[in-house]
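So the protein lines, in turn, are chains V and H.
Just remember that our numbering sits 17 ahead of the position in the first sequence, which is counted from 1.
Just remember that our numbering sits 7 ahead of the position in the second sequence, which is counted from 1.
The hints are simulated quantities; they were obtained by calculation from the structure and are not laboratory data.
Mixed in with the good hints, there may be bad ones.
Some chain H residues flagged as far from chain V (calculated, every beta-carbon gap over 10 Å) [what the hints assert, rightly or not]:
{"no.": "1", "residue": "VAL42"}
{"no.": "2", "residue": "LEU62"}
{"no.": "3", "residue": "ALA92"}
{"no.": "4", "residue": "GLY108"}
{"no.": "5", "residue": "ALA112"}
{"no.": "6", "residue": "PRO148"}
{"no.": "7", "residue": "ALA171"}
{"no.": "8", "residue": "ALA276"}
{"no.": "9", "residue": "GLY357"}
{"no.": "10", "residue": "ASP381"}
{"no.": "11", "residue": "THR486"}
{"no.": "12", "residue": "THR503"}
Example chain V residues on the side facing chain H (calculated, C-beta under 7 Å, incomplete) [unchecked claim]:
{"no.": "13", "residue": "ALA196"}
{"no.": "14", "residue": "LEU199"}
{"no.": "15", "residue": "ALA200"}
{"no.": "16", "residue": "GLU221"}
{"no.": "17", "residue": "PHE267"}
Pair by pair, the computed Cβ-Cβ distance ranges are [claimed, not checked]:
{"no.": "18", "chain 1": "H", "residue 1": "THR306", "chain 2": "V", "residue 2": "VAL60", "range": "34 to 40 Å"}
{"no.": "19", "chain 1": "H", "residue 1": "GLY227", "chain 2": "V", "residue 2": "LEU210", "range": "45 to 51 Å"}
{"no.": "20", "chain 1": "V", "residue 1": "ARG22", "chain 2": "H", "residue 2": "SER72", "range": "46 to 52 Å"}
{"no.": "21", "chain 1": "V", "residue 1": "ILE214", "chain 2": "H", "residue 2": "SER72", "range": "22 to 28 Å"}
{"no.": "22", "chain 1": "V", "residue 1": "ALA247", "chain 2": "H", "residue 2": "PRO22", "range": "31 to 37 Å"}
{"no.": "23", "chain 1": "H", "residue 1": "ALA142", "chain 2": "V", "residue 2": "GLY301", "range": "39 to 45 Å"}
{"no.": "24", "chain 1": "H", "residue 1": "GLU249", "chain 2": "V", "residue 2": "ILE214", "range": "29 to 35 Å"}
{"no.": "25", "chain 1": "V", "residue 1": "LEU210", "chain 2": "H", "residue 2": "HIS280", "range": "38 to 44 Å"}
{"no.": "26", "chain 1": "H", "residue 1": "ALA142", "chain 2": "V", "residue 2": "VAL60", "range": "29 to 35 Å"}
{"no.": "27", "chain 1": "H", "residue 1": "GLU37", "chain 2": "V", "residue 2": "ALA247", "range": "55 to 61 Å"}
All residues carry an ideal CB built from backbone N, CA and C; glycine is no exception.
Here are the chains, one letter per residue:
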Amino acid sequence: MMYRRAASPLHAARAAAGSAYCAALAAVALIADHPVMLAAVLVAEVCAALAAGAGRQLRRAALLTAPFALAIAVINPIVTRDGLTVIARGGQVPWLGNLDITLEATAYGGVLALRAVALVFAGALYASAVDPDEVLRLFRRVSFRSALTAALATRMVPVLARDAGRLAEAQRCRPGGTAPRLAVVRATATNALDRAIDVAATLELRGYGSARRAPRARRPWSRHDLAFAAAAVALVALAVAGELTGATHFEAYPRLEAATAPGLIGFAVAMVACALAPFVDRRGVSR
Amino acid sequence: MTAMVSLEGLTYRYPGADEPALRDVTLEIEPGELVLLAGASGSGKSTLLRIACGLVPHVHGGEVSGRAEVAGMDVREHGPGELAANVGTLLQDPETQIVMGTVRAEIAFPLENRGESPASVARGVEEAALALGVAALLDRPTHELSGGELQRVALAAALAGRPALAVLDEPTSQLDPVAGDELLSLLRRLNEQWDTAILLADHRLDRALPAADRVLALAGGAIAFDGPPAEFLAWAAGAAPELLPPAAQLFADAGLRPLPADVKAARAALRAHGLLEGREGAARPAPEARPSRRKRGATPALRLRGVWQEFSGGAAALRAVDLVVAPGERVALMGRNGAGKSTLLRVAKGLLAPTRGRVELAGPMALLLQHPGDYFLRDRIGDDAAPAVLDAAGLAERADRHPRDLSGGERQRLALALVAAGAAPGDPAPAVVGLDEPTRGMDHARRDALAAELRELAARGAAAIVATHDAELAAAFATRVVLLGDGTVAADGAPTEVLAGGWYFSTETARILGGAGGALKPEPGAALLRERLSLTEEVPT
């Protein structure tokens with residue numbers, strides 16, 4: 018999952034606007050509890066990724082996330098004792114106690130799984146469509162430590178991805194050999210600290226975070242910058258408004274309470290429309 | 008005049024190390040000096056460079072005593088970020104020194120950090136890109152670059168701001184001979200026209216010595232010699248013969264004095280002695296490239312039939328390559344950066360599927376890529392390598408150590424033993440062992456040891472194929488040299504045919520003697536010179 022330059026409105030937007038847009042999608046996934054709203058966020062993310070030419074990256078993210086999401090959906094009803102509507106009686110189980118499965122815990126497990134997928138998708142969209150070099154420049158003007166932390170977070174994903182690719186390739190070069198993927202992931206993670214030190218040292222050697230403040234590059238706000246920034250604000254505003262007005266209300270415990278149409282559907286449709294509106298105008302998308 | 012680098016009684020010990028890496032080092036480097044650091048692996052060259060750019064002690068920690076100032080700043084008080092205003096740095100592994108997504112952003116990054124205006128940044132990027140030959144790469148993503156390209160881009164980023172001091176650790180290790188020579192010319196130009204002081208460590212002394220004003224030889228962390236190149240050669244002939252470049256070694260072995268620093272000086276001296284015949288040194292036609300039909304009847308270890316490798320959206324890296332390698336053959340795969348050497352090895356191993364053509368292997372193939380450390384996934388060497396492999400690498404007593412505790416040479420030796428062993432005890436050994444640029448950052452002693460290991464592998468029946476820019480390694484181990492150019496086999500023949508007549512892909516001895524007598528290395532070259540000397544003495548004057 019790496020940034021690749023492409024001709025899309027999201028790629029054409031400045032990093033601040035692109036980051037804000039992805040952060041807004043993540044924020045909606047955190048604010049909204051209603052499964053319909055979460056589904057709307059997922060639809061918006063998938064369509065946005067396809068419109069940004071990042072469909073393949075999103076597919077990889079989905080494959081990686083699916084087992085975790087499934088685990089969340091399965092484990093939540095088993096370990097949660099809340100909820101009044103019992104749909105299956107498991108009796109007393111050693112270590113776990115009473116294993117009654119409730120409708121509420123099952124539904125909330127689904128909500129948590131949807132939220133996890135929506136958060137991962139927002140991250141995948143950010144990683145594949147927002148230029149990390151621009152993000153690095155963005156943070157350079159902040160204090161050195163926070164800038165370095167942000168820079169490391171931005172750079173480490175591609176660095177570790179490259180390391181993992183190299184390690185896996187090296188294992189294939191041994192006679193008879195491929196290593197288990199888990200071993201490669203573990204070795205990559207073990208080396209992450211060393212690699213972070215390498216990257217931090219290089220950033221310092223190139224004068225990153227030195228006393229001199231880089232002059233702010235004067236770049237006029239393009240139609241895409243404005244569109245994605247406006248979409249980010251609108252998405253968060255819609256999510257907050259939905260919760261405040263009760264139109265997207267969802268309460269799992271003790272008994273399921275969920276808002277229903279037509280207000281809910283209106284908010285969901287508006288959410289998807291806001292998220293995808295910036296992709297309609299494709300003028301000036303190549304950089 | 009303030010010295011660019013001023014060290015006085017400097018002793019440094021890495022955290023947890025028993026011995027200091029630098030001992031009582033005192034030296035001054037003036038603006039405009041080009042100083043070459045010489046010494047075996049582990050002698051302290053890289054540590055000295057890390058002091059000069061501030062990584063020691065700020066990133067590595069450890070104990071420092073004595074005084075160390077760079078550009079008038081005490082390195083214990085000023086970190087690499089502050090020193091970066093005056094110091095451009097390139098360390099050994101370019102992959103760890105690329106932090107941006109595109110080449111343009113990478114070169115612009117240090118200039119932006121210095122607070123330069125956008126116009127100044129744009130000009131600096133263009134100039135550095137032109138100087139380092141990476142202008143065509145400016146809009147390429149950095150993760151798509153080859154090792155040689157990465158090295159040039161990292162170097163462009165280090166030099167873009169025209170620093171007062173350039174600190175360079177093995178800057179030519181991944182470059183082909185042409186690019187390496189061009190880089191040294193560029194450094195010389197920076198040094199002469201902008202007064203840039205250059206502190207350079209390079210095992211390829213034959214390449215770097217003619218450009219140097221001064222040589223610092225390190226041994227065991229202490230300065231063993233400090234003086235001009237000519238005096239260094241005279242000192243090294245007695246005290247550290249392993250540091251002599253091939254031209255000087257040729258003269259030393261032949262009993263000729265003074266020792267030359269480069270090919271031009273060597274040829275002039277030989278001509279003065281009447282030891283060089285008129286046309287020696289003229290380029291010879293390279294042997295014709297044709298599909299080899301060696302050892303007719305024997306099953307080849309590797310056969311490539313009309314192999315193409317065309318990257319999606321990119322160039323063709325291999326174009327209808329036909330190649331047959333027999334068991335026990337030792338092949339050096341040479342060519343400029345991007346000629347297709349690494350791709351050929353990857354296709355042969357099966358890491359890349361050829362877009363057309365066929366690859367046939369007589370048995371398993373082992374391939375040692377450029378980072379030997381990648382072959383170890385676990386925290387204990389013994390968990391990655393079987394006891395027999397550790398024995399073969401001479402590291403049986405270090406089975407409990409972490410792979411990072413091994414030196415670069417030990418790591419490579421172990422990785423080679425690991426790939427060269429069968430998958431499991433009793434399994435067949437690989438029919439082909441490939442190595443991709445194994446000598447980067449390697450000193451002469453380690454290179455000779457590697458050549459011996461390759462000869463041993465081949466003696467056991469494996470075909471050894473090594474992609475390398477290092478003509479000295481090729482001369483030391485190969486029975487055959489395949490020269491690739493633009494994805495095709497440009498020349499294919501015995502080392503004495505291919506390496507004797509080229510301008511760049513030839514050894515220093517061959518360039519001096521023009522390939523006379525098939526001499527590629529100093530020892531046979533010196534024998535030839537001694538023979539000519541004895542003939543000269545017999546001629547009545």
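| Hints the structure fails to honour | 2, 3, 4, 5, 6, 9, 10, 14, 17, 18, 19, 22, 23, 25, 26
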